[in-house]
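K.L.:
In case you want the letters, here they are:
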Amino acid sequence: MTARSPLGRAPALLWVPALVAVVFLVVPLVALVVATPWASFIDDLRTPEVRAALWLSLRTSLATVVACALVGTPLAWVLARVEFRGRGLVRALVTVPLVLPPVVAGVALLAALGRSGLLGAPLRDATGLTLPYTTAAVVLAHTFVALPFYVISVEGALRSAGEAFDEAAAVLGATRWHTFRRVTLPLALPGVVAGGVLAWARSLGEFGATVTFAGNYPGTTQTMPSRIYAVYLDDPAAARTLAMILLLASVGVLLLLRNRWLTPGAAA
Amino acid sequence: MSTPFLHARLDVPGRLHATVTADAGDVVAVVGPNGAGKTTLVRCLAGLLPDSGELTVDGRSWSTPHALPRDRRVGHVVQGRDLFPHLSARENVAFGLRARGVDRRTARARATTELERLGVGALADRRPHQLSGGQAQRVAIARALVTEPRLLLLDEPFTGLDVGVAATLRVELARHLASYDGVVVLVTHDAVDALTLGTRMVVLEDGRVAQTGTPTEVAARPRTDHVARLVGLNLVAAADGAGLLAFRPSAVTLSPTEPSGSARLRWAGQVSQLTPYGDGVRVGVRTSTGQDLIADVTAAAVAELLLQPGTPVWASTKETAVVRYPVDA
Numbered sequence: 001m002t003a004r005s006p007l008g009r010a011p012a013l014l015w016v017p018a019l020v021a022v023v024f025l026v027v028p029l030v031a032l033v034v035a036t037p038w039a040s041f042i043d044d045l046r047t048p049e050v051r052a053a054l055w056l057s058l059r060t061s062l063a064t065v066v067a068c069a070l071v072g073t074p075l076a077w078v079l080a081r082v083e084f085r086g087r088g089l090v091r092a093l094v095t096v097p098l099v100l101p102p103v104v105a106g107v108a109l110l111a112a113l114g115r116s117g118l119l120g121a122p123l124r125d126a127t128g129l130t131l132p133y134t135t136a137a138v139v140l141a142h143t144f145v146a147l148p149f150y151v152i153s154v155e156g157a158l159r160s161a162g163e164a165f166d167e168a169a170a171v172l173g174a175t176r177w178h179t180f181r182r183v184t185l186p187l188a189l190p191g192v193v194a195g196g197v198l199a200w201a202r203s204l205g206e207f208g209a210t211v212t213f214a215g216n217y218p219g220t221t222q223t224m225p226s227r228i229y230a231v232y233l234d235d236p237a238a239a240r241t242l243a244m245i246l247l248l249a250s251v252g253v254l255l256l257l258r259n260r261w262l263t264p265g266a267a268a
Numbered sequence: 001m002s003t004p005f006l007h008a009r010l011d012v013p014g015r016l017h018a019t020v021t022a023d024a025g026d027v028v029a030v031v032g033p034n035g036a037g038k039t040t041l042v043r044c045l046a047g048l049l050p051d052s053g054e055l056t057v058d059g060r061s062w063s064t065p066h067a068l069p070r071d072r073r074v075g076h077v078v079q080g081r082d083l084f085p086h087l088s089a090r091e092n093v094a095f096g097l098r099a100r101g102v103d104r105r106t107a108r109a110r111a112t113t114e115l116e117r118l119g120v121g122a123l124a125d126r127r128p129h130q131l132s133g134g135q136a137q138r139v140a141i142a143r144a145l146v147t148e149p150r151l152l153l154l155d156e157p158f159t160g161l162d163v164g165v166a167a168t169l170r171v172e173l174a175r176h177l178a179s180y181d182g183v184v185v186l187v188t189h190d191a192v193d194a195l196t197l198g199t200r201m202v203v204l205e206d207g208r209v210a211q212t213g214t215p216t217e218v219a220a221r222p223r224t225d226h227v228a229r230l231v232g233l234n235l236v237a238a239a240d241g242a243g244l245l246a247f248r249p250s251a252v253t254l255s256p257t258e259p260s261g262s263a264r265l266r267w268a269g270q271v272s273q274l275t276p277y278g279d280g281v282r283v284g285v286r287t288s289t290g291q292d293l294i295a296d297v298t299a300a301a302v303a304e305l306l307l308q309p310g311t312p313v314w315a316s317t318k319e320t321a322v323v324r325y326p327v328d329a
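So the protein sequences, as listed, match chains A and B.
So the first sequence is numbered by UniProt numbering: it starts at 1 and just counts up by one.
So the second sequence is numbered by UniProt numbering: it starts at 1 and just counts up by one.
The following block holds chain B by itself, in its conformation from the complex:
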């Protein structure tokens, strides 16, 4: 059995105990609630946070002996702006090459080429404060890619961008990542990022890996509430304790009284919130057992049932609409 391109067993006491592996060309989407350890994981991989684990990338150990960030071949794009404010876009991109001993002229030429590749060649002489959020993020990605990292860390690269800008950048990034032969670790809050860009998904919760798999697998059979909410599924524990049940909000029916029919799963509860969703309304229901469910219903149904926060309702769904799977398959 050959060693994977990326093998990381990261250990930060009290914060992170996670094993992540990936093959060359993989895009590992890391998702999880705030405080789950996503940024800690990225910072460990970059060498910015000390950890007592093992880390092998492309056949080289970065953990024994511990490699300094500058000796790792890592590209790091963080949420927010960390372009050097006193340097132009071109100088920012050339920085990593200059730091590694590339001569000035070559560094400038390669920086210019990389900026052009990311569609911001015309902005090469601008300072970061003269760039929009999307432009700055493209420069940051160029700065990370130009050093030809073996590991590319993208920590919420679309956070803080306008929706349209984020969507465009996501499409472009997918194209650039397709030709990238290292491993990408993509931290994201957005199920769309994970599903469109990821080839693997790692779900972190409380500093531990709660689930791994392809994004499609994880999205179809989420094992944590967080991922279920990300992909818009209801997730409940089976009444007999044997496994988890996932079902779509559109498969949930709301009724004022207990629905009849044995082939239905049902919960008594109260409406917790109502938000417009597509043509209809997304209704949050908190069950008497403390479970949060969502149901997508028509505006007509909301009017007919006189739904408002606090209204008692029964939520039910057909057995046939439910995917049932074991907790730890």
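Isolated chain A, as found in the complex:
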């Protein structure tokens, strides 16, 4: 099964727990595949609620990636290229949502952007707009949790691309903006793509912050995970179908990123 190592056999104390870990990770996924009602899979997909949830998840996750790219790329560049006081603090603050429980993120978003929130109240007074329980709120919640992944990935790529090329461009007469567009960004593109895929995956699976801040209304704020949660008690079979779709999407993400993370030593 394995090539014999010149250092001797792998000790049972290591490989047995390793086997346990693999079984633990793989069995639920296999169970899901087995339990999926494949016979009715296509029909389940065709119900209006599922189609609405699928369509909403697709739109909001793509909008999230766009939002991350628009503000996350500049933030990553500033963190990687501009020296300023408090840079470490900003980086730490930006990464807080990485470890924040999603429900807390939802509550925090309500506190900021809710009807009577810190920014939400003046916004409502000025324009009459309220954000919570709208599709826009879904995108905001997703962006809040996905942005740190994106920024960290892109900042890493910008740092590893190094400043030597930026300097070469500057000496050749390029402005910083020209350099960013023509040199820095193209060289960091693999990191940008990886960050985008990560943000997309994070958005697709987001549940806690979304239900808290945007609610769970079919058609406007009910994404796939919210739909699974809503139907599980009444219709476990439909829930498994939906879960299967998300599993397939996740595997797709993994395949997209395989060159980056599944090859030992290739990680950025």
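Derived by calculation from the structure, the hints in this document are not laboratory data.
Some hints here could point you the wrong way.
Unchecked claim - Partner residues are not named here, just some residues of chain A that face chain B (Cβ under 10 Å, in silico):
hint	residue
1	Glu167
2	Leu172
3	Pro186
We put the beta carbon where it would ideally sit given N, CA and C, even for glycine.
Given chain A's structure and the hints, the job is docking chain B onto it.
P.N.:
Coordinates of chain B only, in the frame set by chain A:
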């Protein structure tokens, strides 16, 4: 008195305090040991490192007000590879023109011409990773020259190239530099570069200029151990403290006992190393006063004297073979 084409008084606290001047057409060879400040000097001239000095190039001040790198007319070729990896050779060369507002078609045409001038026109569509070290360095030089810089900075342009490639490129570069009307600053580790390409030589040591002059002058009367080693001369302080003595390794005689004759300078010491050199052997001798000397002797002499590292020997040379000059002439 007219201002020179290049007048630089560079000041980076703790790293560099150097004044360099040159006339149009000069090639200033900058030599010095590692950490002497050569790259710091080049980066200051390019505007990549802040310094509090004065810098005037071709009648314009680049220091008051401080000019950004992009506003200086500088070409910079660094050791190693800094061609943009995502652009073809032609796009790399066209980059500086495009950045300065030249339209795409003109930029491409001029880039192609410049690549042809440097003998790499056929490689215009290749990416840097598809180029050999020598080809990549030619593209880098084309990229620097195409923007018509007033100051061309070459930071060890031959480092990392095969010996043969470096030799060819050196000859070609000499030809291109002959028709160049700005100032070239050439940082090098190699005495041959300095002597063949340079019209002036600046020796840096500990961030300060230790010696300047024409390469021939500096090579004949080196004032630092580093340059003496570069040009293959022995350099010792005169015993009476009045000046420096330089002499060739081939003028050094080794003997097992103290040589007689008053007209000889002599040092007792130990053999520190032996390396093949031409037809003979280059013997390193560390004197009892801690001075390192080199002596070129025949293989027969090495065998006869039973020389090996640690062997006590006397090194001596005739007064007539020694050039004596003051420390700070």
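K.L.:
All hints, please: hold or fail.
P.N.:
Hints and how they fare:
no., hint, verdict
1, Glu167, "5 Å, holds"
2, Leu172, "4 Å, holds"
3, Pro186, "5 Å, holds"
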